[in-house]
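J.: Chains as they are written, first to last, in this note's numbering: chain Z, 349 to 648; chain B, 1126 to 1358; chain P, 3 to 107.
Calculated from the structure, these hints are not laboratory results. Here the structure is a predicted model, which means the values were calculated and not measured. Glycine included, each C-beta is placed from N, C-alpha and C at the ideal position. Any given hint might turn out to be false.
When the alpha-carbon atoms are kept at most 25 Å apart in a straight line, the in silico BS3-like pairs for lysine-lysine are as follows [to be verified]:
(1) 595(Z) with 1174(B)
(2) 384(Z) with 104(P)
(3) 1281(B) with 1190(B)
(4) 595(Z) with 1281(B)
(5) 1328(B) with 442(Z)
(6) 1174(B) with 601(Z)
(7) 1281(B) with 544(Z)
(8) 21(P) with 618(Z)
(9) 600(Z) with 1328(B)
(10) 1188(B) with 601(Z)
(11) 1328(B) with 1235(B)
(12) 1190(B) with 544(Z)
(13) 618(Z) with 1174(B)
(14) 13(P) with 384(Z)
(15) 442(Z) with 1281(B)
(16) 595(Z) with 1328(B)
Chain P side only, calculated, beta carbon under 10 Å to chain Z, not exhaustive [to be verified]:
(17) 6
(18) 7
(19) 8
(20) 11
(21) 20
(22) 23
(23) 25
(24) 35
(25) 77
(26) 81
(27) 84
(28) 85
(29) 86
(30) 89
(31) 91
(32) 94
What follows is each chain in one-letter form.
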Amino acid sequence: MKLKIGKSYYEATARQRIACILDNGTFKEILPPQEKKISPHLEMFNIPVAFDDGVVVGEGQIDGKPVSILAQEGKFMGGAFGEVHSAKITGLLKRSLRTKPAAVVCLWDSGGVRLQEANAGEIGVTEIIRSIFDLRAVNIPVIGVVGGSCGCFGGAGIISACCDVLLCSEEARIGVSGPEVIETTMGVDAFDSRDKALVWRTTGGKNRYLFGFVKTLVENTPDAFRAEIIKEMKEPCGLALEQIEQKHAALKKRLEDFSGLGDALEIWAKMGFEKPEEIPGMSEKELAEEFKRVSGGIIC
Amino acid sequence: MLANDLLKQFFPDGFDVKTTDSIVFGAGQINSQEIAIIGTCGHALIGAKEILALGDKFLEIIKSKPGCPILMLVDNNGQRMALEEELLGLPQYIGHLISIQDFARRNGHKVISVVYGNAVAGGFIAFGMGAQSRIYATDGASPSVMNLPAISRVTKLPLEKLEELGKTVPVFAPGCENFYKMGGLLGIWKDKLHERLQEALDKYGEDDNRAEIALERGGRTEAFNIINEVINA
Amino acid sequence: MEHISLEKETKSPDIAFSKASSLRGVVSSGNLEVLIEIKELGGKCRFEIDTAADGFGKTWKAVIDDFMERRKPGNLLVSINDYAASPDVVGLRLDQAYEDLKGGE
C-alpha cells in the first residue's frame, strides 16, 4: 500500500509509513485488524474503537536485514497509549528479545496517555520503557522516529528519550507537558500555545537537534527516513555506565549554561549562532552545516 | 521534610537521612542490612534541577555501594510544568534519570519504590515507576495520572459522569486501590512498614510481572494476553 | 454508540477477489474505518457497524444498498467503526476497500 497522496511522512497513515520504510512486500503484521483486538474501555465513554487500537506492530526487512517495526496511528485518539495499544508495543519489544532483529524501529506519533484509560496507559508506558532498556542491555538497537502530527508528548516524549537514537523531521515536536496544558495550568504568559512559531522553537525538531536530543534532522518524506534508518542500523548502540555519566555531565552543563534564558532564540545565540532568527527557515542540511561550524557539532 | 515518623516506622533500628530542598538522601538499617534511601518530599515538582540531584544520589550509590538495596520514597506533584523545562528538553532529563535507575536495578541493586505522598503523571514515571516493577504504597498515598476535573476539561466529559464511571472501573481515576488493581502497585502497606520492607526485599524479583498481576486482579483483562500473543505469534 | 447489523443479498454475486481482506480509513472525527473480509456466507454479505452517531439507521441502509447495487458483491463480511462520517465518506471508504480487494490500489 504505497503512498499516493504526495510524499509527506507527516500526512501518511501508520501503515503507509511502514510500507514505505520497509523493503517492498516484506511486512508481516502481528495482531492485524482482522483479529479485532479492540479497547475494552472506550465503549463506556461512547467513543468508537479501532480494530488495531491505533498501533500497527510487526516484522519485515530493511535493506535486506530483519527488523521489528511499530507505528502509532496519530489520527486515532491522538495516538494515545491505552491498555491494548501499550500491550501490543510491549509484546513486540519483548518478542524482539527472542528474534534479535538488526533493529527495532519505532515510529512514534502520540500525545501521551489516553485519559479514558489513564492508569492502564501510564503503567503501559513504563512497561514499554522497561522493555526498551531490556533491548538496549543486549545491544539490539532501538531507533525512534518522530515526524507525525502528534509529535511525542507526555509518556511518549519520555519514551522517545529512552531510545538509542532519535531521527526527527523539523515538523516533529517533542515534550512532556504540551503547550496547551502549560497554558491552561499556568496561564497564557507562561506559554501562549497559539503562537506556533514559539511552540516549534521550543519543542520542535530543530531545537531538539541543537540540544543533541535528536541525532539527525530528516526531511519530511518516508524515503528520507528510510535512508537515515539504514544508516543508523550500522551504528553501535547499548548503554554503559560511562555513557550515562557523560550524559549526566552534559545535562548539568546544559542547565548551567542555558537556564534563565526565556526563549530558544536566546539559547541559540548563546550557542554561537550569529543569526538565530534564521534557524527556523534553514533546511536540514543548512542547519547541520551551520551547527558544525558553530560548535564543532558538539552535543551539549 | 520527610516525616521522621515514617522513617522510624521503616527503620526502627536506625536511619540517617538529610533533606536538601525537596531531595531526601541517606540510609537506614534493617535487620543489620544497610538500605540506601533516595526520595523526594513536600509534593515536589520534578524538574531538571531535581532530576540532576536525584541522579547524583543514584550514581553515588552505584559507584560507592555495590549491591546495596535502594528504597525510593516517592512524593511528587508531577513534572515541573514550565516553558523553560520544555525548552531545555525535560523529556531527555526524565529519560536520563530513568536510565540511571534502570542501570542500578540491572546491576545488583534491589530497587523498591514506595509512594507515601502523591505520585503524579510524568513525575511518577520519572521517579518511582519508570524503571521499577516492585512498587508499593503506604496507606493514604495518592498515585494518579490526572485529577477528574482536569480529565473532564480535557476530554469534555461531564465531571459527574466521570465520577460515576470511576466508581465502577479502576482504569482511569486516581487512587491506590485503582493502581493496585491495574498492577501498578504490588501492595498497599497499612502498618508494620519495616516488616513489609523486609518481605519486599526477600521476595524481590527482576522481572516485570505487572501485566500478569493486573489480569489476576481484573484491572487489565487484555494486556497480559496480548503481550503473550505478540511474543508467540 | 449504536450497533447496526445488516445482511444483504444480490443476484449473481461477484465473489472473485484477489486478497483475503482490506482495511481503509482511520477512526478520527468525521471519518471511519472499513474492514472487508472474505467469508463463506453462501453468497451473502454481512455488515457489522459500530457508530458513534446514533439514530442514522435509515442512512446506513441507503448507503449500503447503494454499495450493493453498484458492486453486487457476495461472501463479504464488512466491519465498520464509524466516528460520525458523512454518507459520502462512508461510500468512499467502502469503495476504496472494495477496489483494494479486487486487486486495484
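J.: State the violated hints by number, sorted upward, taking the hints as numbered earlier in the document.
T.: 3, 4, 8, 9, 12, 14, 15, 16, 17, 18, 19, 20, 21, 25, 30, 31, 32
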